[in-house]
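Heads up: the protein sequence lines correspond to chains A and B, in order.
First residue of the first sequence: 0, per numbering that gives the first Met the number 0; consecutive thereafter.
First residue of the second sequence: 0, per numbering that gives the first Met the number 0; consecutive thereafter.
The hints are simulated quantities; they were obtained by calculation from the structure and are not laboratory data.
Hints may be right or wrong, so weigh each one.
Any copy will do: because identical chains look the same in the list, a pair fits if it lies in one copy or spans two.
[What the hints assert, rightly or not] Calculated lysine to any residue pairs in the SDA-like style (CA-CA distance at most 20 Å, straight line): (1) K296 x L54; (2) K296 x A120; (3) K296 x G53; (4) K315 x P129; (5) K150 x D187; (6) K336 x L17; (7) K296 x D262; (8) K150 x A186; (9) K150 x K198; (10) K198 x D155; (11) K315 x D18; (12) K296 x D107; (13) K336 x D62; (14) K315 x Y303; (15) K296 x H100; (16) K296 x V110; (17) K296 x R112; (18) K296 x A186; (19) K150 x A322; (20) K336 x L388; (21) K296 x T106.
On a predicted model such as this, the values are computed, not experimentally measured, just so you know.
Protein chains: 2
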Amino acid sequence: MRYGVNYTPSQGWFHHWLDLDLGAVRADLAGLAGLGADHVRIFPLWPLLQPHRGLIRTAAIDDVGAVAGVAAEVGLDVTVDVLQGHLSSFDFYPAWTRTWHERNIYTDPDVVRAQADLLTAVASALRGRPNVLGISLGNEPNNLVPHNPVKPEQVDEWLDTLLAACARAWPEGQHVHNAYDAVWYTADHPFTPRAAATKGAMTIVHPWVFSVNCAQRYGALAPETVHLAEYAVELAKGHATTPERPVWVQEHGAPAPHIPAGDAPAFAEQSLTNVRTCADVWGVTWWCSHDVDTRLKDFPALEYTLGLLTNDGRRKPLADVYAAAAADRRTDRDNSKKRATALVLDDAQENRPSAGPGGRFFAAWMDAARRGERLAIASATQAADPGLLAARGITGLRYLEERM
Amino acid sequence: MRYGVNYTPSQGWFHHWLDLDLGAVRADLAGLAGLGADHVRIFPLWPLLQPHRGLIRTAAIDDVGAVAGVAAEVGLDVTVDVLQGHLSSFDFYPAWTRTWHERNIYTDPDVVRAQADLLTAVASALRGRPNVLGISLGNEPNNLVPHNPVKPEQVDEWLDTLLAACARAWPEGQHVHNAYDAVWYTADHPFTPRAAATKGAMTIVHPWVFSVNCAQRYGALAPETVHLAEYAVELAKGHATTPERPVWVQEHGAPAPHIPAGDAPAFAEQSLTNVRTCADVWGVTWWCSHDVDTRLKDFPALEYTLGLLTNDGRRKPLADVYAAAAADRRTDRDNSKKRATALVLDDAQENRPSAGPGGRFFAAWMDAARRGERLAIASATQAADPGLLAARGITGLRYLEERM
Numbered sequence: 000m001r002y003g004v005n006y007t008p009s010q011g012w013f014h015h016w017l018d019l020d021l022g023a024v025r026a027d028l029a030g031l032a033g034l035g036a037d038h039v040r041i042f043p044l045w046p047l048l049q050p051h052r053g054l055i056r057t058a059a060i061d062d063v064g065a066v067a068g069v070a071a072e073v074g075l076d077v078t079v080d081v082l083q084g085h086l087s088s089f090d091f092y093p094a095w096t097r098t099w100h101e102r103n104i105y106t107d108p109d110v111v112r113a114q115a116d117l118l119t120a121v122a123s124a125l126r127g128r129p130n131v132l133g134i135s136l137g138n139e140p141n142n143l144v145p146h147n148p149v150k151p152e153q154v155d156e157w158l159d160t161l162l163a164a165c166a167r168a169w170p171e172g173q174h175v176h177n178a179y180d181a182v183w184y185t186a187d188h189p190f191t192p193r194a195a196a197t198k199g200a201m202t203i204v205h206p207w208v209f210s211v212n213c214a215q216r217y218g219a220l221a222p223e224t225v226h227l228a229e230y231a232v233e234l235a236k237g238h239a240t241t242p243e244r245p246v247w248v249q250e251h252g253a254p255a256p257h258i259p260a261g262d263a264p265a266f267a268e269q270s271l272t273n274v275r276t277c278a279d280v281w282g283v284t285w286w287c288s289h290d291v292d293t294r295l296k297d298f299p300a301l302e303y304t305l306g307l308l309t310n311d312g313r314r315k316p317l318a319d320v321y322a323a324a325a326a327d328r329r330t331d332r333d334n335s336k337k338r339a340t341a342l343v344l345d346d347a348q349e350n351r352p353s354a355g356p357g358g359r360f361f362a363a364w365m366d367a368a369r370r371g372e373r374l375a376i377a378s379a380t381q382a383a384d385p386g387l388l389a390a391r392g393i394t395g396l397r398y399l400e401e402r403m
Numbered sequence: 000m001r002y003g004v005n006y007t008p009s010q011g012w013f014h015h016w017l018d019l020d021l022g023a024v025r026a027d028l029a030g031l032a033g034l035g036a037d038h039v040r041i042f043p044l045w046p047l048l049q050p051h052r053g054l055i056r057t058a059a060i061d062d063v064g065a066v067a068g069v070a071a072e073v074g075l076d077v078t079v080d081v082l083q084g085h086l087s088s089f090d091f092y093p094a095w096t097r098t099w100h101e102r103n104i105y106t107d108p109d110v111v112r113a114q115a116d117l118l119t120a121v122a123s124a125l126r127g128r129p130n131v132l133g134i135s136l137g138n139e140p141n142n143l144v145p146h147n148p149v150k151p152e153q154v155d156e157w158l159d160t161l162l163a164a165c166a167r168a169w170p171e172g173q174h175v176h177n178a179y180d181a182v183w184y185t186a187d188h189p190f191t192p193r194a195a196a197t198k199g200a201m202t203i204v205h206p207w208v209f210s211v212n213c214a215q216r217y218g219a220l221a222p223e224t225v226h227l228a229e230y231a232v233e234l235a236k237g238h239a240t241t242p243e244r245p246v247w248v249q250e251h252g253a254p255a256p257h258i259p260a261g262d263a264p265a266f267a268e269q270s271l272t273n274v275r276t277c278a279d280v281w282g283v284t285w286w287c288s289h290d291v292d293t294r295l296k297d298f299p300a301l302e303y304t305l306g307l308l309t310n311d312g313r314r315k316p317l318a319d320v321y322a323a324a325a326a327d328r329r330t331d332r333d334n335s336k337k338r339a340t341a342l343v344l345d346d347a348q349e350n351r352p353s354a355g356p357g358g359r360f361f362a363a364w365m366d367a368a369r370r371g372e373r374l375a376i377a378s379a380t381q382a383a384d385p386g387l388l389a390a391r392g393i394t395g396l397r398y399l400e401e402r403m
């Protein structure tokens, strides 16, 4: 299992691309390598890569390559999210997609073609760098749905088009897409579990304990909270159509005050230990590297203190837990981890809330976890596929009891 | 009377700030100096100056200074619009003002404070450059009203706050604000003629012949079209509260197809000649310097061909007319130009459409112009102020005939 960190630059947050200081980047990344991380996830900004339709900035792509080069120097692999897009509450839209030029970023053919052109350019430029693993289309693009109404089949087409562009430009790259957890838990959300679990090289989960009202509802160190990431992995596997499709816990963090700073080390230790009981986990990438400079205004409060390191690069107690886990890493294909009994999930789209905190399915899985039982999850679709169940090593199915 | 050019960089349009090439800027500006221009108006981008609330980029302000320095080398003065904001249909909003962080850019106290901080920083940095004349708050901020609902008294407060910030940082600078022509012609527009005619060092007009359906209604070389800029100057003077307040024709251009390319030289020659019959014109600044690179998509068609120079720097026939006018420049305080007879305008806000193309007041003024009569304009407020009329040299008032 791989351990990585989402890289939030200490100087200027993601605005550092405007004033890129590779010395500062090197110091930041050396600090992460020093924790035992093996990779970082980096985030250029869409308006800087492609400020105009018809203008892809070579210099901006070169900057991404330069950061990847610095990562290589300190021994880190890199994954690159391109269409930001959304970052920690801020949405970076190029001017050519908004106001007078309002265009749907998922469905407007000109926009999608431009996005594909950009992904092609970035993928082509990074392909030759051995420490760059692949492209992630963009960070949680489903946060942009409120401004760009879209239907599930349109999201599917968008994902297919953009992932195909990456694959054409860089066939051997590990290209993925991701979404915030509405994909798993919100009935009418146009990004679907099926899209998450079938498109791209891996299924991505971002199991944040605050956004789904989990830590708030159950407590910072409650079983539901420290098992949430493990549960998200099993839920992802339960929606897959192939037995060993890898799952990447691409964002995992300890947001205060939902996880008080004093509880963060215990939360991280327990949550990471629980994730490691799952089979087929490609890796865990912690959010994030550095606390945000408090001179940068307007972030939601929890965003300022998510770093493993302080803004000036000092290790927080959380970082020691992360480093210990990374030092103790295991391989990601440990078949002994397979889970023999699966809880069966009605995978109708409208049933998604049942799988979220507060939902019946979620509660049933967590009740088992409280009893020390590690259940797999199988969608009803999987449960009807004996071959897939066998390949997953699932020998028993358990169904939710009917409501009294 | 001064002659200038709105500088639209040939390489990358205003995205050139991301890849600033001072050699290319020098070549562009030398071409404008070669036309006899004495100043350029330049446009940094708000999101690059202030990408985050709490982050003003020194490097971006240094870039503005560097462009001003290059202008000095070729003998050009400079005025700087800061809060772009709006440019040729594209709106550049910092991420911290939109979507999840939606804030009214005119009325939110945090935003206004940040804007004042930015203007203070830019003004302070430019104050020492003898060829920089002053600050313009931003290009046509009233184009942003649709996304930021605002009342006239709130606009007034916003203008006062920001102009005061400029004046505090740079007392001797010539600081102004501007707006597209809805200010003069649209009944319920929150930017008012009074604000235009009283706040800042000069009254600014942007007499575009297309945006008010003038060239379309009357024809490219019709009297209404070739007198529109002259009329806008007189209208501005008619709303003033001091007799010799200067007026700056800050944007003037020949947009195709409304002014066909073949008619552009004649339009420019006639329109500039007409403007020069007005007293108290500080100058005319042509929009724009260079045709937009057609590889940059999505501009309204007319925006691509507004340059005096082609995108690769060659003079267009229009440029020869501009150069001839600039070579023949006059002083801006020629009292012989004073107009003895004023047409009196009911300056109630809701009467503004009467003053626009298609309106009764506009038609009456233009009818006089067709007869070779150059009328001043006096608001009803001015008409009740004998001292002001006398200082303007107005000895006769003419009122619109009552409708039958």
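So which hints don't hold here, by number, going up? Failing hints, ascending: 4, 6, 7, 11, 13, 18 and 19.
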